[in-house]
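So the protein lines, in turn, are chains A and B. Heads up: the first sequence begins at 19 in our numbering, then just goes up one per residue. Heads up: the second sequence begins at 19 in our numbering, then just goes up one per residue.
Careful, some of the hints might be misleading.
Chain copies aren't distinguished; within one or between two, either way the pair holds.
[Said to hold, decoys possible] Below, simulated DMTMM-like cross-link-like pairs (lysine to aspartate or glutamate); rule was C-alpha separation at most 20 Å, straight line:
no. : residue 1 : residue 2
1   : Lys119    : Glu185
2   : Lys36     : Glu76
3   : Lys31     : Asp65
4   : Lys512    : Glu379
Hints listed in this document are in silico derivations from the structure and should not be mistaken for laboratory results.
Number of protein chains: 2
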Amino acid sequence: MTLDPLSAFDNLKTHGRKLALLGSCSAVLGWDEQTGLPPAAANLRGDQLALLAGLRHEQITQPNYREWLEIALDSPLNRDPESDSAAILRALKRDLDRARKLPQTLVEELARTTSIAQSEWVAARAENHFNRFKPWLEKIFELKRQESACLKEGTDAASPYDPLLDEYEPGLTTQALEPMFSALKAELKPLVDQVAEHCRGKEFERILKRSFPTDRQRVFCEAAAAGVGFDFSAGRLDIAAHPFCSGFGPGDCRITTHYHETSLSDAFYGVLHEVGHGLYEQGLPADAFGTPLGESVSLGVHESQSRLWENLVGRDRGFWTYWLPIARGVFHEAFADVSLDAILSAVNVVEPSLIRIRADESTYNQHIIVRFELERDLIQGDLAVADVPAAWRDKYQALLGVTPSTDAEGCMQDIHWSAGLIGYFPTYTLGNLYAARLFQQAEHDLGDLQTAFSRGDFAGLLGWLRDRIHRHGRRFAPADLIRRAAPSAPTGHKPLIDMLRARYQRIHGI
Amino acid sequence: MTLDPLSAFDNLKTHGRKLALLGSCSAVLGWDEQTGLPPAAANLRGDQLALLAGLRHEQITQPNYREWLEIALDSPLNRDPESDSAAILRALKRDLDRARKLPQTLVEELARTTSIAQSEWVAARAENHFNRFKPWLEKIFELKRQESACLKEGTDAASPYDPLLDEYEPGLTTQALEPMFSALKAELKPLVDQVAEHCRGKEFERILKRSFPTDRQRVFCEAAAAGVGFDFSAGRLDIAAHPFCSGFGPGDCRITTHYHETSLSDAFYGVLHEVGHGLYEQGLPADAFGTPLGESVSLGVHESQSRLWENLVGRDRGFWTYWLPIARGVFHEAFADVSLDAILSAVNVVEPSLIRIRADESTYNQHIIVRFELERDLIQGDLAVADVPAAWRDKYQALLGVTPSTDAEGCMQDIHWSAGLIGYFPTYTLGNLYAARLFQQAEHDLGDLQTAFSRGDFAGLLGWLRDRIHRHGRRFAPADLIRRAAPSAPTGHKPLIDMLRARYQRIHGI
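Let the hints inform the model, and build the full structure from the sequences given.
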């Protein structure tokens, strides 16, 4: 007997909720692993997480799932494309279609290969020994090309890089990305060169390298997090080796940071960044938990939220007009002589460097563009893995004017490729592009945001983001979501470049 | 086709491991709920725990489990009763036999009833309204009598209270317990009266009610925990509303406490108590995790470990000879004028009172004996629930010389009965009795422990407990385990009474 559509849809929702809850249990254990696991418990935690992953896998491979989905898709529940049910079914169909195209053998081989490759990467990087890493990188790009070929079937993808992009940013294509990144690259270089030249030798950042007791940093970071709207009754801020944000589900979103006694900016901007992610998680509709409407839509959109709060809000005059007096109250001597102009110069330094994760806001995009061009060429067969180190050095010299003296601080600096994350890097810069579009639209809709910020009022912007982005979950494709959210802002690279140029002009006077 | 015994045994072990890991995931979430859950996440946490409980239930009701167990029981694996496999099978058989005797309807009705009864208890206690609680208490004792009748079948239990005791202390009978408790009751009363008389009006405890900054208390508690052997590389100490110990599995045991600025003893003895539980958990054999040989054997034995460290170690001269100078270093002014005699008098005060959880070491047993006699009589049908308040008052007056003026601080003070925990209270005093036997044997085997303690050497005692108790898991029945561990110590009440009498004589000079 065939199930009626409503029961099929109920089954899908129950199934989704179970999956979400299992994922959420794993997330709690993962958070605990980063924040408080006793060293001797590493094996136990591994076994616990493996068990939960196994149970999740059992759920995912539920044999009736496809039937439920087909019944529901072929029913009135899917008639009105604007309806919640149709939006849910669309997202579930996308996920299943992708999953079904991948042969189990390929999935397993990728899991096995990337697991070994990650430890090989750690060792090869420590030894600065690219040839040790090379066979693994070759194997991974070969497998990802196979994955792409499987996913490409039945689509009109123009590039084999498209299906990989689509994993992290549904609907994004190489063709759409290339002109944006090319234009950004062309306009960013003269701007970066000019501002970097201005900053050279000025040591603006010295005021952020004074002594900041870590317990006071915690107080200041928590105050700022709460001040911009992070809800501590539904979240926490803890210490971990690497900053991250983990949204467990409604009412529980946890962010982490790491405090260094002699650097305020690492922890503080780390927190603002994770708070941006956290605000998105806290803004997802609680009653849709376990369905695609309760999930974040893409990495690019997630990153747009973190970058927006970290950079567009947190590095401008309005923000520091309000927070500088508070910082003076918290840090006393260390901030006693710090003027608003001084702090703004300090947090807007531009300086080309070798390492992505330590890059400033502007040059960061250049690091990303290098990686995008290389991995696209690798996937398209236009570049051999053996030639990556040289290509990396050439591109860094051309774009950033610096050349790594070792591969460890060159093409082996990131974990992503060893983990099989190809098509992931572009979402970082995409997030910056989205953030600038959203911010431009918000200023258009809400009026002078800097004045509001200088009064400590961040609720207007947050409410606007809740309305335009957070509450929609996966209802729209990322590009559509941003288009609907920011209809008057230009697409592409322009809002980001304009915004950076204007800010550097205001702050550095150039 | 029937499974071969080795495969059946392997299935049992895999099954046990999965159950243990699921339980351990729930324990992490439970710990997090007590130590750091954002208030808004209560529902999410409930859903997560319910899901894990459901998955555990699916495992427990695995249809082939009984067949595997029967095949293994009826095989050479079960031939040598001293073998690991036979010990494992014995414990699994005990658990299954108990579970199979209980009809699903009764299990569900108990779960439902105790769930409501607990909130009714909270409300009734707040209103001091016994008649509101009475129907629930009647229902619970009725259901527990049914449970007892089911469990009694096929056994030679003399009292309907036996199967309930057996839940928490396998093998314990009313017949074995009564003479121990009667003798203890008879000998404890004159001792308590005499020491309480000596302490009256002396205010020995004032030195523990000074100002103790909570961050220093934490330092001191952690130092003492590590000092007696708690392994912080395999555990943590955190803050929670109620102190507890949760052993997640090999390498991860977490204890909690609660600091009060104007009381050192609450947090400190709370920590020593939980450390005792934690040392047991940390001493269970890691490679037996997921089998009965990796589990603690009973509540009584668990409590023997906590009471031993809290009281027999932590309230005597050797312990404070070593820790008092450290306490002076940590607390400065608050302890500057505190002599060894003063601290020993302070932590050995005896004072009859109304509330069990605030009772001193000695009168605590009188609180337990009252509860034991009442719940035994209720189960045996010799007492009606309606008569509990009066019986409670009479017994408190007779034994402790105090009478509660309300039922809220009388028979409604504890959560246990509302939660269906009948037969649980005796394990607290049983733990004290076991602890005294163990300690007497350890002194016999290891020589003068006080001298070792006064040098800060607790490793000898811990090693002895590891060897005699911890490493055995559920290999032996609790009474056998204690008998084998302490062959020269008398059974029953004598070691505890002798030990208390001798200590009060040394410290209070009476």
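Hints violated by the structure (numbers, ascending): Result: no hint breaks.
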